[in-house]
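K.L.:
Here the protein sequences come in this chain order: A and B. If you count by this note's numbering, then the first sequence holds residues 1 to 291, one letter each, in order. If you count by this note's numbering, then the second sequence holds residues 1 to 424, one letter each, in order.
Keep in mind that the hints were calculated from the coordinates and are not lab data. For every residue, glycine included, the Cβ atom is placed at its ideal position computed from N, Cα and C. Don't take every hint at face value.
[As the list claims (entries may be wrong)] Listing some non-contacts, in silico: residues in chain B with all C-beta distances to chain A over 10 Å:
no., residue
1, 44
2, 164
3, 232
4, 280
5, 301
6, 303
[What the hints assert, rightly or not] Computed Cβ-Cβ distance ranges for the label pairs, DEER-style:
no., chain 1, residue 1, chain 2, residue 2, range
7, B, 404, A, 151, 27 to 37 Å
8, B, 206, A, 17, 47 to 57 Å
9, B, 209, A, 72, 33 to 43 Å
10, A, 115, B, 63, 24 to 34 Å
11, A, 278, B, 105, 50 to 60 Å
12, A, 210, B, 230, 54 to 64 Å
13, A, 163, B, 205, 42 to 52 Å
[To be verified] Here chain B is said to cover these stretches of chain A; the calculated rule only asks that three of the stretch's residues, wherever they fall, bring their Cβ under 8 Å from a Cβ of chain B:
no., segment
14, 55-68
15, 247-258
16, 279-288
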Amino acid sequence: MNNNKHSHWFFIGPHIILFLVFILIPSIYGVYASFTNWNLMTSPTWVGLDNYQTILFNQDSSFHLEFFNGLKNTLIFVVISVPLMIIIPLLIATAIEHKDVKFKNFFQSIIYIPGLISISAAALIWSLIFNSQLGVMSNLFGSDTVWTATQPYAWMTIFIMTVWGGIGGNMIIYRASISGVSEDLYESAEIDGAGPIRKFFSITLPSIRFPLIYTVVMTTAGAFNVFGQPLMMTNGGPRESTSVLMMYIRDLAFGSGQSIAGIASAMAVLMGMIILIISAAQYYVMNRNSA
Amino acid sequence: MKRKLSMITFVIMTVFLLAGCGSDENVIEFWTPLTGEDGAYMDQLVEDYNATDPEYPVNHVITSDLYTQIYTVLQSASGIPDLTLIHADRVPSFAKNDLLVPMDNVMSLQTELKEDNYLPEAWNAGIVDGTQYTIPLDIHGSAMYYNIDLMEEYGVTHWLDDDIVTIDEMLELEGKMAEGQYVVNDALLGWVALAQLQNYGGDIEGSNGEPTVNTPEMRSVIEDLRSINDAGLMTPFGEDGYLMFQSGNVLFSTDGTWSRLAHEQVEGLNFGITNVYSHSADIFHNRSSAHLFSMLRNEERTAEKEAGIADFLEFMRENSIDWAEAGQIVASREVVEADDYDQFMQSFYTKNEKEEDSLFIYTYEHYPYVAEALDDYIADIVHGEMDIDEGLEEMQRFVDDRVAEGDAELEDAADAVEDFDDEQ
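Isolated chain B (complex conformation):
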């Protein structure tokens, strides 16, 4: 009898535990990669939305390894989230592999979710072959912070007059810097290079869709960056240039818009924000990315829940000014044009059309491989640890091999589908 009782207790507990693992079908499961303070700000926004007592409240789940988790649930076809926040560079491959649901229905349910109400670069990042797969939350990317006190000390505040610091201007300080002080750090150097590539009119995609890294334009970019390093004006190889900027020894730091929060916490650091430096005063770009709301293909998502998602996205469009606290350039026109938004430093990048146009998001399908190659090699090449020709060839091979591997797989998959069709 005692044994039977134990068995029954065990079964009941197991059922309850398993029930606890399940999800509430009236809740929108919303996955994001937002860790740290970003996650806390998004939690607050979701909490604010849920306080409006919606029919479909949102459950915000932070997964630092979002894409691995997405692959896992897609493979198992179970536990697929209703809504995900993905980066712009993931959209082309996700769409090509038919993992995303177009936003057409969501946009028809909430008619203000439309192109005119968002920054164009963020909106367009979600379009693949004419289909809108995402609704944007923000643009985030390269920013250049400057140390106001240090610029005054060296008498170079006039560099900021036209909002473009040129490489020639930076080279004016060659041999004039005090020991241990530098003009610029090498933080996010790969992003800086990708911005410069646009300044030179280059691209990472060839006319036939092939990746192009080893190009004359990329060579020019690297030679420019190397000239700053060779003049002793860039923080040394391997040094934590970000930390050196915060410690007041570097004029410019090329890191991200979100770094404002960290810089603000440094006592005595008097800083401002401007565009990433350029080789010419006539052109400038800031390499960017975007957080985009998307829906992974999921048979279990009901039409009612999709309406709930539309309501949530409309709430975010109207109320995402709090997201600016996280240092991001909010994508909603209503927010960036509000007076309150001017208090945020990153409003610099939406203050006029020219600035908005400078925010450049790469949407090439194989961009992530190019970015990875640059991240792996650019510091070695710019700091002279690696020959420029060798570096360019290595990066091109790195990307070519990865693209070829992916293409082979897609061809095999297409052949398999063809064979299957033939058999039917």
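Chain A extracted, bound-state conformation:
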């Protein structure tokens, strides 16, 4: 009995060590860095709330403009991509789980495989597809539009690539959850005269409440951290209309000039707070409504 007294540490220990070393300590240091001037080469110098004051209130500062432009573009991405990344996989999972559908795993694989391709490789593929000279899209629609340099097409290319590569993960979670719902419930509903739509909203959705909350929260947090798609597809253009916050943060901290890590950290902390508040609100609202 005594031998097992500390056995739980062996199970949770490795994770705690990794969490401390790679997440908690860097996060705390990141918050500290946001209150400093720091070029990554010399020691950080404490400046209190100056970085936050500049970013949030100094309207003449390029950091202020970059933060709010980046935040606006990030929010555009989140507001449009998150519903797509929830609804489309949910519909696909529901369709695949229908008893009359054959080759379920085959269809699941087709939809899941793009998620295994790196964003860089995927962006190259999609850049060629949308290339106005050589691409399939321009030839298909007989258009000479430069898709990635013209709005709203620039956003569309980003969303198409995001949905293509991102729906597989959520779809598998939904499929696993839906397959766990008792058939008895559906049969009872059918006896009571419920149609497919009524069954979906009254049985399927309530039954997968927790996976749904989990995917909404995680997809939203992931969407706030969007970086690769706009960087590779549009490089933030045209006129910085697809420059997201993570691109500005990365450029400030690790751009070509001397690092401005203090401002970059303050932007990252502000974004982290926004993600935290929105995720908590999502969890609260969804959990309360479905309780």
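Model the placement of chain B on the given structure of chain A, informed by the hints.
P.N.:
Below, chain B without anything else, positioned relative to chain A:
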């Protein structure tokens, strides 16, 4: 007993694994940002050097994110490489922050590592306040490739007679280009603008060391570039002009010296190399950068290892012709003056003094911010997506804010040192 045995095995394995993480103190750890084919050519050069059985062999480590890695090891003061290959524009800030060791000792150990044996622009890029911090490997920068077949088709091969294609000459083709064909692309447009700025006698550093982007000279540069765009002669906004050149639809491509390798792989692309276009036939520049060998400050680097580094740099000075394969303008005089070097297209830029003088490396401390501002805004401004005044103001503000942030930090650091001294 079994448990003890498992524990001992675990400890031994951990020790071996950790030992594997350590570095051999008789090996020169050499970090570079050379990915792709550049990295393969450098690997070969290092392998050739190690085949000479030196006392201190070199271990070439490629890190695509070199500068982030450098900051990380400097912060931890552990694992700092013995030798690094950095870009010219990093030298001023690294030197100002006391991150680099002067090359004086290395140069005294190998006396051929001296100014006379290198292209002056590459050598001078490593000097800060009179101290030599680097030994150059190469110059690499803007180049203008031309499509020979297309130039013949439009009857404009005479533009190349004086090695300077002027903007006025390019404008002669206004309204004469076939659909889908253009005179020039907008690849590396920021570099083109920085070359033109020199042609106009402008600069990015004011008399008091302040950054200057919103200047009459920069306005002239942008107006020139816009005139090419407005005449319908520049590849459209957002198009992959580089790819369009390779597909044979653009007369000139303003990309880098290293692009020769990629262009050569395109079947049927008959191309040559010349200077980046200018507003005047009397003056031309090609904005350049350089790869420079440098030593980060590292207390653990022994004098013997520094001698080993000197030997390696001397080997590179004598044998870096293979580096020309990567498309770079080799900095060693011995190499560029060798007959074998003429086979490389980029030898165009060292064929005479005038060409050598055209290779311009910006050494202003805040150049990276200026270059970043140009990269972010120039395409929008030139293609008419953004007003010229607005663009110039935005770029100036972009650079000013970043410089001010850095200056504030240096002032704070100086104050902290002063306070510390007062307390002592």
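K.L.:
Each hint needs a verdict: does it hold in this structure or not?
P.N.:
These are the hints, each one checked on the structure:
no. : hint                         : verdict
1   : 44                           : holds (26 Å)
2   : 164                          : holds (29 Å)
3   : 232                          : holds (14 Å)
4   : 280                          : holds (30 Å)
5   : 301                          : holds (19 Å)
6   : 303                          : holds (26 Å)
7   : B:404 with A:151: 27 to 37 Å : holds (32 Å)
8   : B:206 with A:17: 47 to 57 Å  : holds (52 Å)
9   : B:209 with A:72: 33 to 43 Å  : holds (35 Å)
10  : A:115 with B:63: 24 to 34 Å  : holds (28 Å)
11  : A:278 with B:105: 50 to 60 Å : holds (57 Å)
12  : A:210 with B:230: 54 to 64 Å : holds (59 Å)
13  : A:163 with B:205: 42 to 52 Å : holds (47 Å)
14  : 55-68                        : holds (count 4)
15  : 247-258                      : holds (count 6)
16  : 279-288                      : violated (count 0)
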